[in-house]
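Novice: Residue strings, one per chain:
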Amino acid sequence: MENSLLEVQGLKTYFFTEAGVVKAVDDATFDVRSKETIGLVGESGSGKTVTALSALRIIPRPGRIVAGSIKFEGTDVLAKSEDEMRQLRGPKMAMVFQDPSSSLNPVYTVERQLSDILMLHRKLTKKEASQRAEYLLELVGIQDPETRLKAYPHELSGGMKQRIAIARALSCEPTLLFADEPTTNLDVTVQAQVLELMKKLQRDLGMSMVMITHDMGIIADMTERVTIMYAGRVMEATETKTIFHEPRHPYTEALLAAVPRVDQRRILEVIPGNIPNLIEPPSGCVFHPRCKYARRICMDNVPPLEETGRGHTVACIRWKEVSLKGV
Amino acid sequence: MLIVGFFIFVGLASPWIAPYPARSYASLYSGEAGAPPSWQHPFGVEPSGIDVFSEVIHGTRNDLYVGVAATVLTVVIGVAVGALAGYIKGVLADIVLGVTQVFLVIPALLLILLFARIFSALVFAGLGLTLIVLILGLFGWSSVTYLVRGEILRVKELEFIQSARALGASTWRIMFRHIVPNVLSPVIVVSTLNIAGFILTEVVISFLGFGDPNTSTWGLLINEGFTYVRSHWWVSLFPGLAVVFCVLGFNLMGDGLSDALNPRLRE
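In the order they appear, the protein sequences are chains A and B.
Sequence positions in the first sequence follow the numbering used here and run 982 to 1308.
Sequence positions in the second sequence follow the numbering used here and run 15 to 281.
Incorrect hints may appear among the rest.
Partial pick of chain B residues on the chain A-facing surface, computed with a CB cut under 10 Å [stated by the list, open to error]: (1) D108; (2) A183; (3) R187; (4) F190.
Calculated from the structure, these hints are not laboratory results.
We put the CB at the ideal spot given by N, CA and C, even for glycine.
Please put together the full structure from these sequences, using the hints given.
Specialist: Put into structure tokens, the structure is as follows:
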């Protein structure tokens, strides 16, 4: 794949719990090119977040990467030592988390949280770091940065906290940013502002971004390509435009049918059932118990990720037979 | 804070500000034994000729020593064991917790009285206070352990720990820069309250006559005064007041600290 920044091949991340092995990510493959934004879509528990944590190698215990390869800028991430990884996290790859109210340390001021990283990675002096911290706050559109620097996280609104979390992730100008549902906990109006900001920053700083979300609206708005995940596996991956107009996987179709639209009055279709138990996932295609096109064959065979057209891959045995409608 | 500061000052300066040395029967010979409070003897004199004012001052030093030293001991053991219990998992963690629980249910006061009797040789060798500190410390750490463990478990799961890792912080950095500061403030607050608690326990031990009769403590004074409280009320009253104010002071300080250490209430 030409100029891929991040390449994930057959990634398997399992959690070894007392109840059994939870296959949070089970054979995920995707890539992120330089300066593009890709979307990682799926329901809660489909392995989106764990995929991102795997790339940064910060999976909480008892999770472990058991198979697959992750390449970043052509080097093998999984072969790196913990020290080398720490050099990567921050200056190269960074992450913005879902809940801004808990992703900032409550006992430190905004200034301290931002300058700590700069002093650690960039070896800036305290003064230089706080100047840069002020600049970063301006960058993420915070009014009156001087006073905000002295504030503690609880004194700020959710939107502002998320802006600070973004500023912190961007402080060392990473080439790749994982955004894990960055707007899920924000008001709708603030959501739009934060997304707009992220889009602008991504363009201005020329970085790549992995947008993790379950909101198809965000995908349409922000991303160039998209990877649909379900139960830890990749179901479909293609360009964002294609996914809306000609989905090839029944799960994608079902996701699209569950999105409300302003221009059509219709009853939203719900995907029947729940996301499967990841300790004992269904045999064959993991989606077959909830798929309206499922046949006997889907129960027995794990569908491979097949190339169905230029840059379009689908993991469905019956993709040629079923005709699906987009939006 | 002010009250505690005052007591600490008195405790530290006691050898210089007390008009008479500890356990000195000097007033017996001047014919002032058993005298009520006066300018000469602000808190009165015991029938045995001991100046109560001096004794209360010497007692301040000893009681503060017991309270602070025992608390330091509980914090050291409690934080170490708590951090261990919060960080490790599996069988070892269960064992650590089990041991902690055993210490939590032991009726410390009874054991202390028992130990004070068993080791009475030490008590008479002048090591009574050290013995009490050791016993209080060795039986009092489990509550700190529980607190620390619970806080670590809570803080460890918060997203900012993971986001610190995502930005390249090392394990040590996370432990000491992110987890410990978030755990420390409740420990400081509880420890302040523990000082008051330990002082009270010491008073009880001495009052019951299990302490060292040759070391000035408030409890010992109250004990001595107790036998003739109808005729010489001042012997028990003044050390009693000292206990009340000292404990009150530490409790107020605990409240104050819990406010001061809470970033939400910081200006």
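Novice: With reference to the structure, classify each hint as holding or not holding.
Specialist: Verification of the supplied hints:
1. D108: violated, 13 Å
2. A183: Given a least distance of 7 Å, the restraint on A183/B holds.
3. R187: Cβ of R187/B sits 8 Å from chain A, so the hint holds.
4. F190: This interface hint is violated because 13 Å lies over the 10 Å limit.
Hint violations for this structure: numbers 1 and 4, all remaining hints satisfied.
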